[in-house]
Amino acid sequence: MKRDYTILVPNMLPIHFKLICNVWRSNGYKIEFLDEFDRSTRETGLKYVHNDTCYPALLIIGQLLCALQSGRYDKDKVALLITQTGGGCRASNYIYLLRKALKKAGLGHVPVISLNFGGMEDHPGFRLTAPMIYRMMYCAFYGDLIMLLANQCRPYDRHEGDTDKLVDRWVERLSEEVMHPQNLRYGHVKKNYRRIIDDFADLLGEKVRDKVKVGVVGEIYVKFSPMGNNNLEQFLRSEGVETVMPGFVDFCMYCVYNGIADYELYGRQPGYAVLCRIAYRYLLKKQRYIRELILRDYPKFMPPADFDRTRRRAMSVIGIGTKMGEGWLLPAEMLELSDEGVKNIVCTQPFGCLPNHIVGKGVMKPIKEQNPDVNIIAVDYDPSATAINQENRIKLMLSNAK
Amino acid sequence: MIIHDTKNRTSSRLLVGIDIGSTTAKVVLIDDGQVIYSKYERHFSQVRQKTLSMIQSIAPLLEGRSFTVAVSGSAGMGMANAASLPFVQEVYATAECVRMLEPDTDAVIELGGEDAKIIFFSGGLDQRMNGSCAGGTGSFIDQMATLLDLDVSEMDALSLSHQQIYPIASRCGVFAKTDIQPLINQGATKSDIAASIYQAVVNQTIAGLAQGRRIEGKIMFLGGPLYYCRGLRDRFKETLLLSDENAVFPEYGLFAVAIGAALYGADAVPMTFYTLVEKLTESLKTSERISSLPPLFRDKNEYQAFLSRHAQHRVETQFAGNYHGDATIGIDCGSTTTKLVLLSQNNEILYSYYSPNRGNPVDIVRAELLKIYTEFGDQITIRGVAVTGYGEELIKTAFHADFGIVETMAHYTAAKFFDPEVDFILDIGGQDIKCFKVHNNSIDSIMLNEACSSGCGSFIETFASSMGYTVEEFARQGLFSMAPVDLGTRCTVFMNSSVKQAQKDGASVSDISAGLSLSVVKNAIYKVIRASSPDELGQRIVVQGGTFMNDAVLRCFEKELGRDVVRPSIAGLMGAFGAALFASSQQLSRSKVLTREELVRFSHQSRSAVCKGCENRCRLTINTFSSGERLISGNQCEKGAGISLKDDEKLPNLYEFKRSLLSSYHSREGRYKIGLPLGLGMYELYPLWHTIFTELGFEVVCSGFSTRSLYTKGHFSIPSDTACYPAKIMHGHIETLLERGVDAVFYPCITYNVDEHKGDNHYNCPVVAYYSELLAGNMDSLRSTLFLYPYLNINSASNLSRELTAVLSPHFEGIRLSRVRQAVKAGFAAYERHMQQIYDEGQRAVAFARRTGRRIMILAGRPYHIDPEICHGIDRLAASLGFVVVSEDSIAYDVDVPILSVYNQWTYHSRLYAAAAYCCQSRDTSLVQLVSFGCGVDAVTTDEVRSILENGGRLYTQIKIDEITNLGAVRIRLRSLIGALEERGE
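These protein sequences, in sequence, are chains L and X.
If you want my numbering, it's the 1-based position in the first sequence plus 2.
If you want my numbering, it's the 1-based position in the second sequence plus 12.
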């Protein structure tokens, strides 16, 4: 499979996924990263997926099917990749919905690879080895760092597009680097961190980051993917605010921590919990390095939050056992933003998202009670919710923004 | 009116405020602190032209002066951009206005054409708007008035003299509409319905927007509907318990947003009349268009070919005067229209009638029958009358019709007439979409739209009239649109906002009309039929229903499918035609329908009442006819109809059994009172927790089965209105427990449900698992009482005992691990016993059915669906139709779950798959799946259960239930199921 098949990867986080795809490429896989979308993506999704299914499933499956039907790939030599978390929300079923959709579209023979870290489905043609995971981890850190800094520079661009050019340059450079395993030694990575921050610091120059800051949290797909959130970031920028988006690594650490919580609360899988604890501490240390680097040497940037503190912060409004979907991470991020002085928050979710009834809309009241100055708006996304409705609500939030 | 602006923005200046809402445009002029001009007009989606003409009409007031302008309102955003005028969000503008004019206001409720807003001032500023699934405000009231054949002011006047309030779904317009329709058809008075509609708006505003904050103090009401509708004001005052002083309805209610905008704009750069006109003229040019679709017809020729092709499918009509002989009558008393066909022996239509029933089908049918007697008199002999549709029972009883047949059968009969080999029928009516596949000359699968996707014919109709067109004209406009707008496929509420967006972008009426037609079609194909290719539908497709009389809809359907279909010339009459065909096939010698003399004397009265047969308290409508006969509707069981069954006549009903089993747990007096809310997961685990706490010496207080009033007790604290009803009802359960003075409330968080080894995992759904987190965070009343919601593992007795000890011992004396262990052991034993009893009863029910030759229905849902308020008595309805009702957990213990194409990871849902597999084994069993609206998990399970059943050659039926469920529609569904089973010989 490795040599013959082209693996199609759907879009969520453009920067992160581009880097990760290159890790796989360097392991001999033929990877095609799909970052185009248009109306037909959604239409195709609507056609092949149950319409009451969450919006992300609809878009991801729509995107994959559109690519298959575009005629660009040999349908007998192509495979699809999709993530699977195994949690109690519907997202664990995306892969099955994709297979059903393929069958419906007469493409039932196209293999689907589940990307998961819980050993849910094993695919002989695609296996994540420990070194690969190690390198993917750095890609995630790189991605988060670039996204973090770019969000802080973009609103202050001297010339429209300066930041994006710098982002592209780094993504290109790192894409090249991650092809070669020797570049992913920690020492080298640390040097890169500094170079990246230096470049963005130069770009920002003496400008003061004085625009109103708006945090974006929510269901992971609609939070990050411009296709999922009707180009929310772009809209916010056009409204003249600085977007703050807690990173992707936080989500990974949240997943890892749930392994620990499952043992502590229910006594489940003690062995797995030990592994999770090791992984959690390891990731935490790596993330803290970046935080401290920025805190120490680059005071003009807002560093990523300390995840362990974020996690503990959540306990004031929700139990640590709430682990379906974004679970306790969502309130944790809202509180983290508030602590960091970002008082305006957009909470995004697919329409009818089950966990978000509880961890999104359900925690807003207690969060506002604890932090009366916080200004949160919940926005639902679905195939036909119109941008005007969403923008009007975001504008309402912005008109109170401080 | 004088505005005292503390910021001194108004003195000796001229300010212009423009507010463009979804349906109306408002302009206000403030000159030196005085409102000198205000105007309110409908804009019929011609947003930019309307603004320009409104400004031009006040030229004398503006010319020669310099003034500032600001725009607000949801439809004003695009215009403000294009004209480069300052824009302010409307809620913000409202707040600005109220702060200035009525600073001691505690909260503002504003209802607009399509938005609802609440602003809280005291206790922290909080501004809220309805989410995207909470339509139904001004436009909703308009729609409802149309439905009642009244104008808004008439409806308002009627509402003031109401006698009683019916429950009407308050979530969105479409739901409400399906609730109102049966009320109309059952003969409830218009004044009661009108007041109930207002109450629904009030409930929706509270449930959707209060989100845990009490609406109290001095409340100001703004916006068109609250300005014009006195009945609505009364409902708000009464529901919120407001005194006259605290309910403020200001004279400037319509213009608050415009005034706020004017104030907001005061800091902008002043301009002259000519620059403003120039800017507005400029905005006319730049209409950006995002997504448009290809036109319906390339040219006139294509249109002509289309017309002539469809002209072929017609029924002969006899000129009435020439016919002598036998005839039959078919009546289709539908949700919004009444149809009648008089059919000759040779299947020619002698006379037909199609008209909106204007809320009074009985009078219409009476007039029509009289007309037939007058016009045809002795020429014809009526040899049979058959009735179908929502109003079947009413009409049948009223006029002594010979037959009542289920809608689906009527339509199939009619479609067969046009194409004997038809294999797919799609009917889009005013309120519902029905489609059936035909296989081996019998109906193979029936799909009806759920309340949520009802965006059907009546939607186009109301939209047409809101833009000032008749349906026919509106449809004609659509046929020749060059660039139909893409409006999405969700429910009508979403379409409303899509249309709003299109208007903002300057789409023309014809583009919107064509776009709406396409939405209706896509809605039917992808949401109701769930097809991904035309081949899935069938080879020989017949389309019918009033909506298909609209050529634009028909054309869209053919284009979307890429194939030609048959639309009979009488597409709107097919139900009635089928009924008439059926009546003639029965070959009666004479119909027993009322004679002419009886018709002349006929009169009919309806009144409402509450059934006292049981604790359900069904609201009944009692129709009394001049013959002395009565028809009672609205009842869930036979008691309401005044029939009492002996014990041995009652069919086994597992839902009933499970409820009585739960009621049999009694509690002892104890030192502490612990409250268990009977909802969600508690329904199944009640025996476990009840036993554990009783063993530990607690007095267990249960909140009991839900009722409507229990729900409303807690509905103001619901933060997420789109969660499922079983979840939202939990708030009421908690309030009930608190009223009973419990020392603590217990509802644990349970991530992992009981492992029954039926699937890949055994989760609870997120809502069942963690709803207590939401309750703890959002219910203020819960803060003064101990609320225990620990995370527990119910799959390990030792772990559970340890955790419970840790959780309980700090609060209660005498909780030791050893005692808890004993209690937990007893608890599990009770749980096992409980499940065994259910299983045994299931076996007994199945054996009974087989012995007595009854049909078995697996009413498959979740444990909490047995709640009488959640399932709305569907189990009893099924029993009254002759089914032995069993539940999903009573029969499928020992059935292996088939190999699935989904990830089987929820305990409750694994049982659904097992039940479906069980159903496939025996031909006397049917499965009906209950789905709560908003249950995301069921988007996964329904397709899978369907495919298990269809692979086993069984019929699949799904019933969506919500806050309010229209039992009339459920009845039609179940009767169609019986009809299909009979045809299949099962």
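Hints in this document: simulated from the structure, not taken from any laboratory.
Values in this document were obtained by computation on a predicted structure and should not be read as measured data.
Hints may contain errors.
Stated by the list, open to error - Label-pair restraints from in silico Cβ distances:
id	chain 1	residue 1	chain 2	residue 2	range
1	L	242	X	286	40 to 48 Å
2	L	192	X	118	42 to 50 Å
3	X	769	L	274	18 to 26 Å
4	L	74	X	769	39 to 47 Å
5	L	37	X	769	51 to 59 Å
Claimed, not checked - Below, in silico cross-link-like pairs of lysine-lysine (DSS-like), each with a Cα-Cα straight-line distance of 25 Å or less:
id	chain 1	residue 1	chain 2	residue 2
6	X	230	L	370
7	L	106	X	624
8	L	213	L	302
9	L	370	L	302
10	L	167	L	209
11	X	571	L	370
12	X	837	X	685
13	L	32	L	79
14	L	105	X	449
15	L	288	L	193
16	L	192	L	287
17	X	51	X	291
18	X	725	X	624
19	L	106	X	571
20	L	288	L	302
21	L	397	X	449
22	X	837	X	770
23	L	213	L	370
Stated by the list, open to error - Computed, partial: chain L to chain X, Cβ under 10 Å:
id	residue
24	90
25	101
26	107
27	235
28	239
29	357
Ideal Cβ placement from N, Cα and C applies to all residues, glycine included.
Proposed proximity, residue 770 of chain X with residue 837 of chain X (alpha carbon, max 25 Å): At roughly 24 Å apart (the allowed maximum being 25 Å), residue 770 of chain X and residue 837 of chain X satisfy the hint.
Interface restraint verdict for residue 90 of chain L against chain X (beta-carbon cut-off 10 Å): 4 Å, holds
Agreement of hint residue 101 of chain L with chain X interface, Cβ distance less than 10 Å: 6 Å, holds
C-beta pair residue 242 of chain L, residue 286 of chain X: status relative to the range 40 to 48 Å that was hinted: 30 Å, violated
Closest C-beta approach of residue 239 of chain L to chain X relative to 10 Å, hint status: 16 Å, violated
Residue 725 of chain X paired with residue 624 of chain X [C-alpha distance capped at 25 Å]: 22 Å, holds
Given pair status - residue 302 of chain L, residue 213 of chain L, alpha carbons within 25 Å: 13 Å, holds
Given pair status - residue 370 of chain L, residue 213 of chain L, alpha carbons within 25 Å: 23 Å, holds
Pairwise hint evaluation, residue 302 of chain L against residue 288 of chain L, where the allowed Cα distance is 25 Å at most: Roughly 21 Å between the alpha carbons, so the hint for residue 288 of chain L and residue 302 of chain L holds.
Proposed proximity, residue 287 of chain L with residue 192 of chain L (alpha carbon, max 25 Å): 13 Å, holds
Pair hint outcome, residue 370 of chain L versus residue 302 of chain L [Cα-Cα no greater than 25 Å]: Between residue 370 of chain L and residue 302 of chain L the Cα gap is close to 28 Å, so the pair fails against 25 Å, i.e. violated.
Restraint status (C-alpha distance of residue 106 of chain L to residue 624 of chain X at most 25 Å): 52 Å, violated
When the structure is compared with the earlier hints, violations turn up for hints 1, 2, 5, 7, 9, 11, 21, 27, 28 and for no others.
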